[in-house]
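Chains as they are written, first to last, in the numbering used here: chain A, 1 to 409; chain B, 1 to 233.
No lab work stands behind these hints: they were computed from the structure. All values reported here derive from a predicted model rather than from experimental measurement.
Taking lysine-lysine pairs in the BS3-like style, the calculated list, with each CA pair at most 30 angstroms apart, reads: (1) A:324 / B:121; (2) B:83 / A:307; (3) A:395 / B:83; (4) B:132 / B:83; (5) A:401 / B:29.
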Amino acid sequence: MFDRDLWREIFQSINMNRTRSLLSGFTVAFAIMLFAILFGLANGLTNTFDTAFADDATNSIFINSGKTSKASNGLQAGRRIQFKNEDQDWIKEEFGDKVQYITSRVYLNVTATFKNEKNNYTIRAINPDHQYLENTKVTYGRYVNASDIKNKTKIVVIGRLVEEDLFLKTTAIGKYISLNGIPYKVVGVFSDDGGDNEERLIYMPISTAQQIYGNNDYVDQINLTYNPDMSFDAAIGFSNILTKKLKDRFQVSQNDQRAIRVRNLANESKAINQFTFILGFLVLVIGFGTLIAGIVGISNMMIFIVKERTKEIGIRKALGASPKSIVSIILLESVLVTILAGFVGLFIGMAVVEFSGPILEKYFIKDPSVSLSTVIGATITLIIAGAIAGYLPAKKASRIKPIVALRDD
Amino acid sequence: MLKINKLHKSYPIGDSSLHVLKGIDLSVKAGEMVAIMGSSGSGKSTLLNIIGMLDEADEGEYILDNVPIKNLTEKKAAIYRNKFLGFIFQSFNLINYKNALDNVALPLYYQGIKRSERVEKALFHLEKVGLKDWATHLPNELSGGQKQRVAIARALAANPKLLLADEPTGALDTKTSHEIMDFIQSLNDEGKTILMVTHEEDIASMCKRIVRLKDGVIMEDVFVEQVRASQYV
Numbered sequence: 001m002f003d004r005d006l007w008r009e010i011f012q013s014i015n016m017n018r019t020r021s022l023l024s025g026f027t028v029a030f031a032i033m034l035f036a037i038l039f040g041l042a043n044g045l046t047n048t049f050d051t052a053f054a055d056d057a058t059n060s061i062f063i064n065s066g067k068t069s070k071a072s073n074g075l076q077a078g079r080r081i082q083f084k085n086e087d088q089d090w091i092k093e094e095f096g097d098k099v100q101y102i103t104s105r106v107y108l109n110v111t112a113t114f115k116n117e118k119n120n121y122t123i124r125a126i127n128p129d130h131q132y133l134e135n136t137k138v139t140y141g142r143y144v145n146a147s148d149i150k151n152k153t154k155i156v157v158i159g160r161l162v163e164e165d166l167f168l169k170t171t172a173i174g175k176y177i178s179l180n181g182i183p184y185k186v187v188g189v190f191s192d193d194g195g196d197n198e199e200r201l202i203y204m205p206i207s208t209a210q211q212i213y214g215n216n217d218y219v220d221q222i223n224l225t226y227n228p229d230m231s232f233d234a235a236i237g238f239s240n241i242l243t244k245k246l247k248d249r250f251q252v253s254q255n256d257q258r259a260i261r262v263r264n265l266a267n268e269s270k271a272i273n274q275f276t277f278i279l280g281f282l283v284l285v286i287g288f289g290t291l292i293a294g295i296v297g298i299s300n301m302m303i304f305i306v307k308e309r310t311k312e313i314g315i316r317k318a319l320g321a322s323p324k325s326i327v328s329i330i331l332l333e334s335v336l337v338t339i340l341a342g343f344v345g346l347f348i349g350m351a352v353v354e355f356s357g358p359i360l361e362k363y364f365i366k367d368p369s370v371s372l373s374t375v376i377g378a379t380i381t382l383i384i385a386g387a388i389a390g391y392l393p394a395k396k397a398s399r400i401k402p403i404v405a406l407r408d409d
Numbered sequence: 001m002l003k004i005n006k007l008h009k010s011y012p013i014g015d016s017s018l019h020v021l022k023g024i025d026l027s028v029k030a031g032e033m034v035a036i037m038g039s040s041g042s043g044k045s046t047l048l049n050i051i052g053m054l055d056e057a058d059e060g061e062y063i064l065d066n067v068p069i070k071n072l073t074e075k076k077a078a079i080y081r082n083k084f085l086g087f088i089f090q091s092f093n094l095i096n097y098k099n100a101l102d103n104v105a106l107p108l109y110y111q112g113i114k115r116s117e118r119v120e121k122a123l124f125h126l127e128k129v130g131l132k133d134w135a136t137h138l139p140n141e142l143s144g145g146q147k148q149r150v151a152i153a154r155a156l157a158a159n160p161k162l163l164l165a166d167e168p169t170g171a172l173d174t175k176t177s178h179e180i181m182d183f184i185q186s187l188n189d190e191g192k193t194i195l196m197v198t199h200e201e202d203i204a205s206m207c208k209r210i211v212r213l214k215d216g217v218i219m220e221d222v223f224v225e226q227v228r229a230s231q232y233v
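One chain only, chain B, in its complex shape:
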C-alpha cells in the first residue's frame, strides 16, 4: 500500500538548515492501523505531511498504491490527494460557513461529481458517523466530538485508500477521544488503512502497530495487541 525508502527532509532556518527526517524506511500494508509517535520535534508531523503530499521530501522514495510520488505539480498533487487520501486534523478544519453536509460533500465537488449525487453520498457518510440529523447545522453549532465526526465523514466521502490522522483526539476530552477512537477502529475493521500521529500512549495503544520516531529516525517499530476503545465508551 505504502512504501518509503531513505526519506530525508530538512528545513532552512536562517543560514543553516534543520535536518528533520534522516532516512526513514517504512512500509505499510493495506488494512493496517499505524500510530506514529514521538516527542515534538521528532519529525512525526513532517513525515505525515510528506505522506499526505502536503510537503515534498528532499531525498528518498515514496510509493503510494504502486504510484511513485515524485515531482508533483500542484494540479497533480491535488488530484492524488483527492483520490488517495483522507485527512483528519487535530483542529477539525471544517469550513465554518458551510453546513455539515456541504463540508462532507466538498471533496466530492472537487472530483466533479454532480450535486444530487454529492448530497446523496455525503448524507450516507454523515449517517455512518451518526450525524445525519445534524446535516444542516453549521460547525459552530456542533460539539468537538461531533465536529471531528463530520471531519471523519468528510475524509471518508471520497472513499480514499489511506486515512491520515494528525492528532485526531488532541483537542478532545478523554471520553470523546475514546468515542472517536472507537469509530476509527471500526473503520479499520472494515478494511481501511489508517495512519495516525499521536503523542498519547493510550491512543497509540489502540492501533495495531506503533512506530516511534526520535530526532528524525525510527527508534522502534512494533506490532502491538490492539486495545479496543469500545470498553471505555
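Here chain A stands alone, though its shape is the one from the complex:
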C-alpha cells in the first residue's frame, strides 16, 4: 500500500488523464463543498437558538398571574389572582422531585445612588435558586443565600453594568448603595449572557423586599426548572398538570387563559430540537445524494480508464503483474482522486462558511462552522466512497485476460 513505485504509477496515470480526473473529481468536490456549506449554516442556526436561550435554563417554566377572564365557582370574572410565598412551597410539596429549582420573584423599580452617581434600575427580589434558573454568573463576591432570606438582610447583588454606571472604575463589593433612600450592602457582582438589560438588574433577597416595600408575602412570578431527566413530552405533561392544579387551587376556570399563565420552555425546546433534527437530516440527505452522484462519476471515469487501458493491463499481466497489483492501482487511483477532490471541496466549503459568517449574522445564523470531527468523518467517508467507486472497475480490470488484451486489432 505504501509502496513508492505504486504511487508513482498512480500519479503517472492521473497525470495522463488530467482533464478527465479533474472533471469527475469536480462532482465530488462539489458534493463535499455543498455539504460543508449546508452543515456550517445548520450549525449557525443551532448556535442562534442556543444563544437565544443562553439567558435562561432551557428546562425553565414561568408562572404568571393576571385577572380572571371567566366566572367560575360563583366568582365573578375580573378577579385578580395574587401568588404568595405559600404557593411556591405548595408547588414544591405537590410535585417533589419533578421540580429541580424553584424561586419566586418580586419586581421593583428603584432609583439607586452611590456618591454622585444616580440611575434607575429594576430590582428582582428572589430566592437563592434563582441563580441557576437565570444562568447568573457571579464574577465577584457571592449571590443571595438562604441565610439572607431567613434574616431578611439588606444586601444586593448588582449587575456588571450597574457597577460600571455607579461605581465607575472602583469596586462595588462591601460598599453601600442607596435604593430609594435605604442603604444596602453590595455583596456580589454578576454577569449574564442574556444581554445588557440582564446586566442592569439588581438582585435582593425576596424576604427583604417583601418586608420593606409592601410588608406582605406577595410574589409577582414563580419560576422553576423541571427535573432535567424528564423528556420533553414528560415535561410538557408535567406543566399541563401543574397548570390544571394551580387553576383548581385558585378556583379559576380551566378554560381561563389569562388568570394563570404557565410558559414551559420545553415546548419551544422540543420544536427547536425537531427543527434542528430535520435540518440535520436534510443536510445529510442532500450531502450524501450529491456524494453518491460524485461516486458514480468517478466510478464511470475509472471504468472508462480501465477500458482504455485494457491493452496496457494485458501487457502488465503478460509481464507478470498479479491481479492484486492491478486491483490496487485502480482502487488507489480512485481513492486518491476522491480524497483530493473531496479535500478541495471541503476547503472551499469551509472558506465560504468562514468568510460569509459575519454577513450571515443578520439572517439569524451565528458562527457557522465545520468542526474537526466533521472533517475527520468526511475524510473517512471519502476513503470509503473512493473505494466503492473504484471497486467495480478494479474488479473488471483484474479479470482482463492478457490474451484478449494483446490481440492485435
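Fit chain B to the known structure of chain A by using the hints.
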C-alpha cells in the same frame, strides 16, 4: 526444457466449437531456436499462447522446465510468466506513457526488485540492444526497429528461460527485420531458447528448426541449416 503431449484446444463459436489444436506433441531442448509456421487459422498463435500461459489447454500435458503447467490460478500464472518467459510481440506492446527504461524495468518491478537495482539492470539490457542513449525516450519517439529492440530488452530483463516471439518482424521492413533477426540469433548463440511464430519463410529459415502446423496438427518438424541474418545487414 519444454515438453508438450497430446495438446487439444477448442474455442466455442456460437453453439458449436472450433477445434483449433488437435493433439500437438512437441518437445524443445534448451538452446534451440524454433520457428512455428503455418497459414492463418492453423493454430500456431494458439499454441504460442498456451506455451506462454496466456491461455490454457483443454487437454494434454505441458511441462516447462520440469514444472507441470496445469490448473494455474491467475496469481500463479503471473509468477510463472514473470519467472520463465519473455514475450516479444508483433506490435511491440510497449506502454506508451513510460519511457524506454521504465518499460524495460517493468518485469523487474513485478519481481519485487528495488528501484535502484531495477534501473541498473534495465540500463544493462538497453545497452545490450544498443539503445542506452534512448533510455529516457518515450516509445512514440522511437522507430519501429528501436521499439522492437526495447521490447526485446524488456523480454530479457527478467532473465527468462524461454523467449517467445509472436511474428517479431511482422510490423517491420525487410532491413529492420534482418537487424532484429540478427540480434535474436545472437541471443540464441549465447544460449537462450527461442520459440517464434512466423509465416515468412526467410525469417523461419533463420531458425534452427521449423515446425509446420496445418489445421491443428504438426505436418512437419525439421531441423534446418540456419541462415545467418548478419549477411544481409
